[in-house]
Amino acid sequence: MSWVNAVVHGILLGGFYALLATGLSLMFGVMRIINLAHGSLALVGAYMTFLVVEHLHVSAYVALLPVLPGALIVGYLLQRTVLERSLRAGELVPLLTTFGMLIVIGNLLQYFFSPDVRGLGSGSIGTASWRATSSLTIPWFDVLVLGVAVGVLGGLHILLRHTQLGRELRATAADPDTVELLGVNARAVYARATAIAVATAALAGVFYAMRSNFDPTTGPTQLIYAFEAVVIGGIGSLWGTLVGGIVLGVAQTVGARIDVQYFALAGHVVFLAVLTVRAVVQAGGFRVALRTAG
Amino acid sequence: MSALLSVERIDARHGLLQAVREVSLEVAEGETLALVGANGAGKTTLLRTIAGAHRPAGGRVVFDGRDVTRMPAHARARLGIALVPEGRRLFPQLTVEENLRVASASRRTGEWNVERVLDVFPLLQPRRRHRAATLSGGEQQAAAIGRALMANPRLLLLDEVSLGLAPVAVEGLYRSLEGLIESGTTIVLVEQDLARAMRVASRVVCMLEGRLVLEGRADDLTRERVTEAYFGLHARSGA
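If you read the protein sequences in the order shown, they are chains A and B. Quick note: the first sequence uses this note's numbering, first residue 1, plus one each step. Quick note: the second sequence uses this note's numbering, first residue 1, plus one each step.
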């Protein structure tokens, strides 16, 4: 694999990470909830799609038609029943609640689906690729995922900027007490944000299941990648999430180009580097460090 | 004349501190009531209790014949109670127009829309697409009032709208308010400037340490009587 190939594949992989991270970023941006169960919810989306595919004998793409609206409903109810109460109890409680959900979901999946490794077919597009040059091949499936990620982020951008729900979401994120005085039901707005977040997680989960095998323990690993993409791109920023995903993806594929073992490690290193630089800059220590150096 | 709003023996606390003690008052449709009192007298807490932003420890709030005491703030806004909170509380990252449009969530239709608000507060016209964070104090206050009006309220609660504004801006603001009062909007306003409060309001109530200590028509009250009640001199001489 050439360097160019590694970078191009990294960018495409970044689309997947961005899609996975979108919901995480949205929930943090609107409610300040760090949803540790995000990766697990993505996995639930994959398993639900798997069920539909098994029983109705349709392709995974068709199976998304019932799964995505289902995910919207699950997200809405999750917020109204569990997360809303957690939020009222204090800032750190949702962290504990979603950590609990991560454990519970993992165990429930083991119970109902066994620890067996599964896969979802990705159709003819899953294996097709375009051979651009002798050293550069572009898999169509990865292009599809990147396209869907850009589409989802673009859709969310339009929703946030140009619709009443979007204005309510942004206003509620800024000041949930004041929006209430204007007739906005802040809790219902929160529930809609979570509904959208869970639906994007499910979509990412299905794409994950199409590109590689999955089992009930895959959720937390995916959470880490999504989390890294969000942090690299700037917390709560939608397009930043895309940038973060791409940076993470490129770091991983370039790392793997050096040595296959460095795939995950290179991503983590870039994540830590971004985090450190940002912490130093925020503390104003960067200028101080420069001055003392000079 | 039946009351649009009646507050019945409201008690409101902030933890152990009792901010409002057994306050009862009525506001008739079309009336302008000025709520005066020193800092910490409980005026803001009373307004927030009426709007549903603060849950009272006791008593009832009745709006248009309906007990709204247990109703959340957004439901009260949909019935037509709008509060312009102390400190304006605009959404800084949203543009002026977006700030105004958030109030469409009240689903109340009427004479107020973005164009009408911009007509009444012409200083906002050139700032329409600017972020609220970039506005001057006077512009912010106009936007906050305009935003409340977007909900087409039957009762408008104004909490210290002139606080922190340049005298010129206060003049402009009150000229716009007088227009509102003439058009028949029911208003309860908290104002530090006694003379101004007595000039615009038809009735004045004064709070002291959480209680209502004076109530009367603005024409019947003298500045001296209100000042006495304001500082509690009145109560002390009575004791």
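Bear in mind the hints are in silico, worked out from the structure with no lab data behind them. The C-beta atom is built at its ideal place from N, Cα and C for all residues, glycine as well. Don't take each hint at face value.
[As the list claims (entries may be wrong)] Every beta carbon over 10 Å from chain B, so not counted as near; a handful from chain A, in silico:
id : residue
1  : GLY70
2  : GLN164
3  : VAL179
4  : ILE235
5  : ASP259
6  : ALA264
7  : ALA273
[Stated by the list, open to error] Derived coverage of chain A by chain B (criterion: at least 3 residues anywhere in the stretch with Cβ under 8 Å from a Cβ of chain B; other residues may be distant):
id : region
8  : 181-187
9  : 236-249
Would ASP259/A pass as off the interface with chain B, using Cβ distances and a cut of 10 Å? 44 Å, holds
Taking 10 Å as the cut and beta carbons as the points, is ALA264/A off the interface with chain B? 36 Å, holds
Should the label of VAL179/A as a non-interface residue stand, given a Cβ cut-off of 10 Å to chain B? Not fine: 6 Å to the nearest Cβ puts VAL179/A too close to chain B.
Mind verifying the non-interface call on ILE235/A? Its CB should be farther than 10 Å from each CB in chain B. 15 Å, holds
Within 8 Å of chain B (C-beta), three or more residues of the region 236-249 of chain A: Per the Cβ count (0), the hint is violated.
Are there three or more residues in the region 181-187 of chain A whose C-beta lies within less than 8 Å of some C-beta in chain B? As far as the region 181-187 of chain A goes, the hint holds, because 6 residues have Cβ atoms under 8 Å from chain B.
For ALA273/A, is the shortest CB-to-CB distance to chain B above 10 Å, so the non-interface label stands? 29 Å, holds
Cβ separation check - GLY70/A to all of chain B, threshold 10 Å: Non-interface label on GLY70/A holds, nearest chain B Cβ at 27 Å vs cutoff 10 Å.
Beyond 10 Å on every Cβ pair: is that true for GLN164/A relative to chain B? It is violated; GLN164/A is separated from chain B by about 6 Å at its closest Cβ, not greater than 10 Å.
When the structure is compared with the earlier hints, violations turn up for hints 2, 3, 9 and for no others.
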